[in-house]
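If you want the building blocks of each chain, they are given just below.
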Amino acid sequence: MRRAPTWPRHAIMLAVCLLMLVPFYWVIKTSLTGENIYAWPPSIIPVNPHLFNYVDVWYLIPFPRYLLNSVIVTIMAISGNLLFNTAAGYALTKQFPGKRWIVLLLLSCMLIPFQATIIPAYLITSWLGVLNSWLGIALPMLSTIICIFIFKASFEAVPRSLIDAARVDGLSEWRIVVRILLPLSKPAIATNVILNFIWSWNAFLWPLIVVRSPDMQTLPLGLARFLSVMEDTTGALFAFVVMVLVPGLTIFLMAQKEFIRGLTSGATKG
Amino acid sequence: MAGIRLSGVRKSFGDVAVVHGVDLDITDREFVVFVGPSGCGKSTLLRMIAGLEDITGGEIAIDGRVVNELDPKDRDVAMVFQDYALYPHMTVFENMAFSLRYRGVARAEIRQRVEQAARVLDIGHLSQRMPRQLSGGQRQRVAMGRAIVRDPKVFLFDEPLSNLDAKLRVQMRTEIKLLRERVATTTIYVTHDQTEAMTLADRIVILNHGRIEQIGTPEEVYETPATVFVAGFIGTPPMNLLPVKLGGSGQITLGDRTITLPESRTRVIAGMPDVLLGIRPEHLIWHTGGEPPLLSGHAVVVEPLGSDTLVSLDIAGTPVIARLPPRLVRKAGEAVLLAADPENLHFFDRTTGRRL
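As given, the protein sequences belong to chains A and B, one line each in that order.
Heads up: the first sequence begins at 1 in the numbering used here, then just goes up one per residue.
Heads up: the second sequence begins at 1 in the numbering used here, then just goes up one per residue.
Watch out, some of these pointers could steer you wrong.
What the hints assert, rightly or not - DSSO-like mimics (lysine-lysine), calculated; alpha carbons at most 30 Å apart, straight line:
1) Lys99/A / Lys73/B
2) Lys94/A / Lys73/B
3) Lys153/B / Lys73/B
4) Lys167/B / Lys177/B
As the list claims (entries may be wrong) - Residues of chain A clear of chain B, computed beta-carbon distances all greater than 10 Å:
5) Ser43
6) Trp58
7) Leu60
8) Phe63
9) Cys109
10) Ile118
11) Ser161
12) Ala165
13) Ala166
14) Val168
15) Gly170
16) Ile180
17) Pro183
18) Arg212
19) Pro220
20) Ile251
Simulated from the structure, these hints should not be mistaken for laboratory data.
Positions of the beta carbon are idealized from the N, C-alpha and C atoms, including for glycine.
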């Protein structure tokens, strides 16, 4: 039987990919030129590209400070997630009284929108005295239920005999997690890192509530502030957007293979 | 080096009891094989000795010390698992050195011990490979090497050859036997393969439904099985078991045939209402005249194996297999007359299953 040619399929996929990339291209092009985005006909090729918009963003607003805040908060959120989700995920691979109820509780908590938890979260943060601090911004993002289950699924996929062998070899429970389970759960770690990076990096509502001084603002808050204080900002605004996007894209591109494996682990027979 | 003592060891999962009060003494440097069908509790018993399963009742002592409450790491045992359980993210060397690192052994000594074990097992050239780059046999050797470097008091093997193909299994069996001579350590080996049990063991422990059916040397369990279960489990093909009726003056009735046995053989069954006669396939011989044959029938299935032929018969509704010299019976339907030395007959109480 003659096989159908594959090029039409590839052509369609290529066209869809290009279509998805157009907004990114448009943002980068505008950030390099500052031209009016409503101009007609639109220019496909950047006219007189320059990097002044990026320089403006760096010097006209406290971009480095926003970046530092975002980086620290994101590192705290990712570290917290890796620590707490690993521990919780490992605990859920064990049998213990009430496990079923805890799983149900966790699953039901996933149904509650974040906005509904803002007031109690704010009160707890305030009670802990960490409002307007990096820890306060990161606090509600230190553990995410979906990521607990990603670790749980990943740990359950590790053969039980490996854990038994480690136990006979003399490892404590914590060392079994660190030395055996985590190195075999790279996709789950990558998924945790990427998802929590995205959620923490892009978080707007919670930092808006908890941050009181401009020097504690993160990049999304800085972007909003930038819009309110600058005029004729098309080019600089888009340069700002690019500078916010680049770290996330870089991390995703670095870990995308493990990320996809993490999201699909258990979906197929391995 | 150490002996192991199990006293009334029990294990239950919820309401389901899987090991019912096992008592066993294993002497220093002894090689004991736990054998039995799937679900008989042999692996559970092994895991309890390793400390990987809690003990519901009883006592386990290694080298005279009760270890019921000790963690696996504190029992000084090394275990080889059915699926080898090599850490996939570590090289062969790292796998073998792993446990030593956690026991505070000096780096130079780790290297020396790993290299020595690798030499014994002929895997020195594999030290920098990852487990995924090894064949089944090589992985098995590494798993054994990981156990050897520890120089533990006890080796525990949990069906280590069951994932290998038939040819490799025979080869590895021989290697384990050779290894045993070089590394004389108390060993418990779990298998469902009676050939492994027979070839490797100093003593075999035959388990069924969480109870010990018999403990003995390979010869003892083969030649004098203590129960009907052991008789049917040990030996390939298994022992033929035929219901017989007792008559007066040393006579037994087998189907429509009555045979007179010497008084020495019938003494043990005198007065027993329900008896099973057991006879191994190789103890059934071609009848050449003289005394009346023990069994007569027609061949139902003939399986030539080259060195000998397995002939299946139907004796009064009970299947019987005889291992006969080649070419005596060529095809199904041929008449077969079989005799046996009365000394090779076994008798079991049909009610209790115990040997008489």
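Exercise for review: Take a quick look at alanine 165/A and tell me if its Cβ sits farther than 10 Å from every Cβ on chain B, holds or violated.
Suggested key: Alanine 165/A is in fact no farther than 10 Å from some Cβ atom of chain B, at 4 Å.
Point to revise | Distal placement of serine 43/A relative to chain B, Cβ over 10 Å | key: 52 Å, holds
Practice item. Quick one: work out the minimum CB distance from valine 168/A to chain B and report holds if it exceeds 10 Å, violated otherwise. Key: Check fails; 5 Å does not lie beyond 10 Å.
Review point. Regarding the pair lysine 153/B and lysine 73/B, is the alpha-carbon distance no greater than 30 Å?
Key: 12 Å, holds
Point to revise | Distance rule for alanine 166/A, whose beta carbon must clear each one in chain B by more than 10 Å | key: At roughly 8 Å from the nearest Cβ of chain B, alanine 166/A sits no farther out than 10 Å, so the non-interface label is violated.
Exercise for review: With 10 Å as the threshold, tell me whether cysteine 109/A passes as away from chain B on beta-carbon distances.
Suggested key: Non-interface label stands for cysteine 109/A: nearest chain B Cβ at 30 Å, farther than 10 Å.
Practice item. Examine each Cβ of chain B, and state whether all of them lie more than 10 Å from the Cβ of isoleucine 251/A. Key: 23 Å, holds
Check your understanding: Going by Cβ atoms, does arginine 212/A stay more than 10 Å from chain B at every point?
Key -> About 46 Å separates arginine 212/A from the closest Cβ of chain B, which puts it past 10 Å; holds.
**Study point:** Verdict on phenylalanine 63/A as a residue remote from chain B, using beta-carbon distances over 10 Å
**Key:** 40 Å, holds
Review point. Should the label of leucine 60/A as a non-interface residue stand, given a Cβ cut-off of 10 Å to chain B?
Key: 48 Å, holds
Check your understanding: When you look at the beta carbon of glycine 170/A, is every beta carbon of chain B farther off than 10 Å?
Key -> About 4 Å separates glycine 170/A from the closest Cβ of chain B, which leaves it inside 10 Å; violated.
Practice item. Quick one: work out the minimum CB distance from isoleucine 118/A to chain B and report holds if it exceeds 10 Å, violated otherwise. Key: 42 Å, holds
Of the hints listed earlier, those the structure fails to meet are numbers 11, 12, 13, 14, 15, 16, 17, in rising order.
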